[in-house]
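Protein chains: 2
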Amino acid sequence: MQFEITREYIEQLNQLIEEKNKKEVKKLMDDLHPADIAEMMEDMSMEQAKFIFLLLDGEHASDVLVEIPENERKRFLKELPADLLASKFIEFMDSDDAADVVSELEEEKKIELLNEIEDFEQAGDIVDLLEYEEESAGGIMAKELVKVNENWTVATCLKEISTQAEEVDEIYYIYVVDDAEKLLGVLSLKELITTRTNTKISNIYNPDIKMVNTDVRREEIAEIMDKYDLVAIPVVDEIGRLKGRITFDDVIDFVREEAEKDYQMISGITGDVEPGDKIWEILRARLPWLLIGLLGGILGAVVLGSYEATLSKVTELAFFIPLIMAMAGNVGVQSSAIVVQSIASGVKDFESTSRKLFKEVAIALVTAAIFASLIFIYNTVRQGDMNLTYTVSISLFIVILFASIFGTVIPLVLNRFKIDPALATGPFITTMNDIFGMMIYLLIGQVFFSIL
Amino acid sequence: MQFEITREYIEQLNQLIEEKNKKEVKKLMDDLHPADIAEMMEDMSMEQAKFIFLLLDGEHASDVLVEIPENERKRFLKELPADLLASKFIEFMDSDDAADVVSELEEEKKIELLNEIEDFEQAGDIVDLLEYEEESAGGIMAKELVKVNENWTVATCLKEISTQAEEVDEIYYIYVVDDAEKLLGVLSLKELITTRTNTKISNIYNPDIKMVNTDVRREEIAEIMDKYDLVAIPVVDEIGRLKGRITFDDVIDFVREEAEKDYQMISGITGDVEPGDKIWEILRARLPWLLIGLLGGILGAVVLGSYEATLSKVTELAFFIPLIMAMAGNVGVQSSAIVVQSIASGVKDFESTSRKLFKEVAIALVTAAIFASLIFIYNTVRQGDMNLTYTVSISLFIVILFASIFGTVIPLVLNRFKIDPALATGPFITTMNDIFGMMIYLLIGQVFFSIL
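Those protein sequence lines, which keep their order, are chains A and B.
The working numbering applies: residue 1 is where the first sequence begins, and numbers increase by one.
The working numbering applies: residue 1 is where the second sequence begins, and numbers increase by one.
Same shape as in the complex, but just chain A (with noise of 0.2 Å):
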């Protein structure tokens, strides 16, 4: 029932593209769903996603350059003159997708193809959007929306709908302005349909909506539109008048884009790299962070260097500094990403951050007394050097206490500093907990040995 690429698929689809069958390539595009063809083309050299491309019809091929994802888009951009653009993609567009494209490409090129747009209200509509910031509503809406007038009747609508909705993709909701273009409310299909076409809008409408300024950022916008469950909402500019829409499909991708970036952040990847990525892409994406991970190695082994009296003295003091690490690692991590997942999940909370800090304190006292107490009844039965017992028990309260305030404090600092507090998680937080706690540890470590 669904249609499924197979390896076999492919196989035969890169067999008809060397031989240069256009006829029988473009008849297997054709059947096709513009996301599936843009899914395939990832996976091609560009000759061959080239090839394709051009076999496809304006609208097709239009809406499968929306479907690929930005980065390679650009790349295949850069391989396609500004006037084909123009007359055989854009024209095919809504303006939220056209202006996207239009902002990837290089300014010269830009303004060409601006240029070249036959439809001058489109190539209007393309340069408004550019100029609001990207990651706002402005930026992100299509000015392609059905509005009617509240003094029109059901059936004026119904007909100026039908002219409307030819521009629109999906109408999803009817939005009603008064007659300087202000946004009073919404009317959905279903209550157009079953209402009688003499009715006045005004009576019907139902003005409790949802709506965002053009500079809400898209964060908020995710929020409000998962929250209330809504398929679109209206932006609106200052004085409420009716600008554009946003729906639910641009959302669904930034929420599930943004949870990958702190999944990454937190497993030490950047960027978007999936197992079939080439393997110069996946290594980019992870040696910084090993970097970071050998560069505080390294620190360990100065600190550790420094305490070499001790632990050639000692030597069962270097037993527990695995435990030590791991706990930091751990206790540290799970507290940044408790900030972080709260911050991005934008829950509104009325804690005030001394209550939040407060609160972490106290879980952190319980965590540390619980961990001190099993190490320190661990140590005791099998009768281990008292000294050492001391040591570790109190050094691991101490170090869970450190890292659990210093995983909260640090991505909060961040995010004040509007720097992405994922930052705070994985490689980077593990690694500063590491070292602090092996220094605490040491030192309580010559406390008890009397080695100071």
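Quick caveat, the hints were computed from the structure, so don't treat them as lab data.
The reader is advised that the hints may include incorrect statements.
Same chains, same label: a pair holds when it works inside one copy or across any pair of copies.
Unchecked claim - Taking lysine-lysine and the DSS-like style, the derived pairs with C-alpha atoms no more than 30 Å apart in a straight line are:
1. 190 x 200
2. 27 x 182
3. 278 x 356
4. 190 x 210
Got chain A; can you put chain B on it based on the hints?
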């Protein structure tokens, strides 16, 4: 423009609840969106939450009930008698939400409630839905949808839809079926509005429709809806009869929850915790993973203890334990994260497992060579013991290779056995790699310092 729940608002509300001022509280609540009420109820005591909830009208209350997260709803439902649930809340719900709520009740209460529902058809729908597996299309879908017969005209359709739409919150798509209820295609409201009223549906519907079978799993549904930007997808049985539909809001929540779960796994937290949660809830989510870290640390101490002679003879060997551990941990987390994320994203890849492993080994070899060289240069420059220099470089090479393969294979194996591969990320993989890394390091150290 956007209503904000402030701390002042909540204080005012709490004040009114304390005074048992039903009239004022109800007035405040009637202006709020169900999602906002549900959010506030989460921070209230059971008594307060019940007080508010029982003031609401049936329809409003049922919407609030749907918005409460499952865990808290379960506790809340225990407080409400079955007959009240049936008459005041379930009646207003879509079949999928009603089935969710009913499935959370204890067996006895469930049967009592089902028999209390006055609308026999609705009770039947709920019982039907409960038959499906919870995570399958059948278990998620709602029975409410709008469908038309291919032989009708547009005029008949519009009339029929007015009737059917009463039960459906949002129409999104109109499904076209034949006389045997077999799903043939889809009609957008836009087409219906823009087509002449005497046209036959069979001439205008779009037969190119994505659909899923009742037993398709939630992951796959999310993937299809996301890829093709669908607001809703129809669900059919084995012989293609239309059974229900799934809307985007069910899928967004799922995508978000899955991403959060993976994030929590890698950061060593179980369950959904936020800084605003109670202290014991946060502790319960964190302690189990820290216990793994503690056990790993103790095992590490045992391993190092078994090399006591070596370590007391060559104290410098201890200096590089943190480096080996940090690199093993970071490499392992990276490898496992890439595998887990690619499994979660559900992206089709045509690489065989053996090719994946081959590539991971290639990446690991390059990484290992780079970092072994770097640490070799560092140790040579600082003119350390040459035996130590060789030991650290060679063991770092082997440890990185080992940790990469281990981090890649374990999640793949778990996934093969239908266990969540995310289990193999975070504290688990770090702890395993720490221990193996140290063993490799000390063994090689013994060779170079001829202690074996």
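Hints, verified against the model:
1. 190 x 200: both (16 Å within a copy, 21 Å between copies)
2. 27 x 182: Result: close only across copies, 28 Å inter versus 47 Å intra.
3. 278 x 356: Only across copies: residue 278 and residue 356 sit 11 Å apart there, 43 Å inside one copy, limit 30 Å.
4. 190 x 210: Cα proximity of residue 190 and residue 210: in one copy and across copies (18 Å, 23 Å).
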